[in-house]
Amino acid sequence: MSTQALQRAAPSPAALRPRPLRVAHFTNALQRGGAEQHILGLLRHLDPSRFQQWLVCPPELAAQLAPDLPATAGVWRCLLRRPRHVKAAIQFSQWLRRQRVDVVHSHLFYSSLFATPVARWVHVPVVVETPHLREHWRQGWKAHYFVDRCLSRWVSGYIAVSNANAQYLRQTKGIAPGKIRVICNGVHLSELTPSDSGAAAVARRARLGLDESNPLLLVPGRLETQKGHAVLLRALTRIREAFPLTHAAFAGEGSLRAELTNQAAALGLGRAVHFLGRQSDIAAWLAAADVVVLPSWFEGMPLAAIEALAMARPMVATAVDGTVEVIAHERTGLLVPPGDPVALAQAICRLLGDPRLARRLATVGQQSVQRFDIRLQATATGALYEELWRRKMGALVQRREEA
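Take the sequence shown: its position 268, counted from the start at 1, is 302 in the numbering used here, and no numbers get skipped.
Hints were generated in silico from the structure; no laboratory data involved. These figures come from a predicted structure and were not determined experimentally. Any given hint could be a false lead.
With a Cα cut of at most 25 Å, we get these calculated DSS-like pairs of lysine-lysine [claimed, not checked]:
#1 176 - 213
#2 213 - 426
#3 176 - 207
Work out the full structure: start from the sequences and follow the hints.
Written as structure tokens, this is what we have:
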């Protein structure tokens, strides 16, 4: 049968499968971050009549995500992070067979490195990987991406969270362009309403002992090297020369908390820097900030930037990767080179010293992020699952007919 004839004869998704597609989201991360927020968005917003979903992750992460998991999502705890975790790999393969999973969706390459071979071993029809960001940890032979290209033979499709992420997959990793689909990250825009956060913002500032005379910079993100908190601390010493009452609040947890605390103290900023930990009510903290700062070294598609603009907050960020697809310099925010505390300080001081400019950028920014709705992301992701599944089923039908 010709390809065209096969396509005309192809049954609808409902005819091919009388039940929802069974999707397992796999991550072996131990800490909650942007990729995990991405997973939560899909678990909440994929249509449960079309998709039955599970989260497969280490117990530590399952505990962190538990309060925000929807009742429709299942959880299977699995620590599969090292080659020596053979028992976990066997248990994962048995679980995939038992649940008759149709789609394994791995988040970040290190997760895919373990989940993809297991999924293919037990003949899961569709394997998807979302890399989320550039992997700056690659050194030596790992920077040749040989393993990635070998693994890609078993991956049905890649979801790039930004155009920059897609370019990285094509040009740096050497992934076949036909396997890559750009589906931008999204957030719960309906939960980010500036008009409802006034009282909460005042309460958050009061918690830090601040009033309207204290400019507050908010840096949302994990306390890891990627996020550039150390650069912001060096910039803050310059900012306080022009605006002496300025404070900075770090909303997030991570391995660098002690190091950053010591750096702040060494710079004489101890009382001006606040470590908030991970905040579930990030909207209130965004509303409390005079400027939201994202001094990252690299990003995929920063949810923090989308959330800040949705809350109509003025933003200064580094011109890296997917960030420039969210923030347009001089139109919806200010962009500076990564790792440059002088440029970062100058941009922040510019917004603190020009409230009219800050308001204009924030207003336009709020209008610009409506395209980053989590519902759009979930719809596009679900459509990709079904497309890849139909393609796999069509190939099986064709092989049977040719046999």
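Structure-based check of each hint:
1. 176 - 213: holds, 22 Å
2. 213 - 426: holds, 14 Å
3. 176 - 207: With Cα atoms ~11 Å apart, residue 176 and residue 207 stay inside 25 Å; holds.
The structure is consistent with each of the numbered hints, conforming to all of them.
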